[in-house]
Amino acid sequence: MSDGKEKSRWRRFAEWVNGDSVTRDPTTQYVMDRRPARAHAPQELHEERERLRLKKFLGLYPLAASFLCLTLIAILFATVLCIPPFGQPGNPTNNEVSRHYLEYTEEETGATNAVTGMILSYRGFDTLGESCVLFLAVSSVMMLLQRDGNNTDEQTLLRLRREDAIERTHPDNILRKSAKLLSPFILLFSLYVLFNGETSPGGGFSGGAVLGGGLILYSVAYGPEQLSRLLTRSLYDGVRITGLMAYALTYGIYIFAGANGITVEMEWMMTVIDLAVGLVVACTIYGFYTMFQRGKL
Amino acid sequence: MTVLENILLAGLVICAAAAPLCKRLLATVIVYLAFSVILAVLWSILQSPDLAITEAAVGTGISGILFFLTLKKIRALKGTQDE
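Protein sequences appear in the order of chains Y and A. The first sequence runs contiguously to residue 297 in the numbering used here. The second sequence runs contiguously to residue 83 in the numbering used here.
With the rest of the complex left out, here is chain A:
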């Protein structure tokens, strides 16, 4: 279990460092969502399933949707520009 925990913690650090370094905004958001997924798994390993459910729903679902909508509004997504 500790091996898995360490791998996940390393992934957490890598995601956190990679998110602001991405060139494209879409990639930044996706890396941030990956961070949330890893965090959700970690919460369930740390025996707090309540937090894991909330993190999975809010961190990956809701905030992802809001980020994508914002990107669409500021025309930073490919293929959504009109004309």
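Chain Y on its own, in the form it takes in the complex:
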């Protein structure tokens, strides 16, 4: 296995992934050339058949849809009627697990807010998996939607530039003014929710979502160039990756220390985990917005 051959195979694979070169196998090409042309049915016959099919479909569709809806509603109502009434002490949800969580959260996890302690500590692996899912989602959205030289033609660029010019010359005043007024408060609130997550309601996910929304609003208020100058691609990627790594690392230390009976400053770690989750979520949300909107950061 020579190095050159491996490299060429890799390059061929990369080209195939990019869809750059469509090299056909000569035997396949030969068979495809030899194949007789498919016999086409007459146009009228085809149209008639299509019309009949459509008619049958349109007749059946409402019936099937309403049947499915009614069945689903019946099942859901039956389930709701079987659920024990809300807030009763004898409900199966009020068992020793929730009692343990409520009683021991503060001393076991270092979080005053039981919900945050549960999400980030008792079920931290869940949250780690969710953060990974978000990270991968924004990565794949970037792969699919990012604009570069290979997948953008002149016309699209022209259209985008025209849309930008229209936006610049005719800004939506109500939106822009209200966004300008609101976005600092939203960003401040998100920081409060993020940093105060272990003592008050909120925490990583909600704070990150609010932060992402605030970034989107900021981008609306001051124009996308303003924010992309502030939050460049490399910074964005750095924050995203650092968030996930910080989470994994801190949670690893947390678990290790807990399992071996080492006492560590847990409150500080909860804040770090909270912040890491928030950064990942905010980056995901902002990345979705900007990828869908403009195809680049």
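There may be inaccurate statements among the hints.
[Stated by the list, open to error] Straight-line C-alpha distance at most 35 Å; calculated DSBU-like pairs for lysine-lysine:
1) Y:K180 with A:K72
2) Y:K180 with A:K23
3) A:K73 with Y:K177
4) A:K23 with Y:K177
5) Y:K177 with Y:K296
6) A:K73 with A:K23
7) Y:K55 with A:K23
8) A:K73 with Y:K296
9) A:K72 with A:K23
10) Y:K180 with Y:K296
11) A:K72 with Y:K55
12) A:K73 with Y:K55
13) Y:K56 with A:K72
14) A:K73 with Y:K56
15) A:K23 with Y:K56
[Unchecked claim] Chain Y is faced by these chain A residues, among others (derived, beta-carbon under 10 Å):
16) A52
17) V58
18) K72
19) A76
[Unchecked claim] Not the full set, but computed from the structure, chain A residues with beta-carbon under 10 Å of chain Y:
20) S36
21) V37
22) K73
23) L77
Because the hints were derived from the structure by calculation, they are not lab data. From a predicted model like this one, the values you see are computed outputs, not experimental measurements. Heads up, the beta-carbon is just placed ideally off N, CA and C, and yes, glycines get one too.
Given chain Y's structure and the hints, the job is docking chain A onto it.
For chain A alone, coordinates are given in the frame of chain Y:
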């Protein structure tokens, strides 16, 4: 409190039923966002402020933005068509 709760629950059902029945896609999305707002208020009444914050941010803000962007991409919003 129960009166307010019942009103909100009725609003929830009305929004849920109205969303698929709207003719225009924009109206559907807005009714769905109203559903999320009512749900956020209900979460805070049911004493789960964590969920209320997340629902308000994700349900009304983020999913609304993504829906509007999709509508813009498929040219279902008025005034965004070029030409």
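Could you tell me which of the numbered hints above are not met by this structure, giving the numbers in increasing order?
-> 19, 20, 21 and 23
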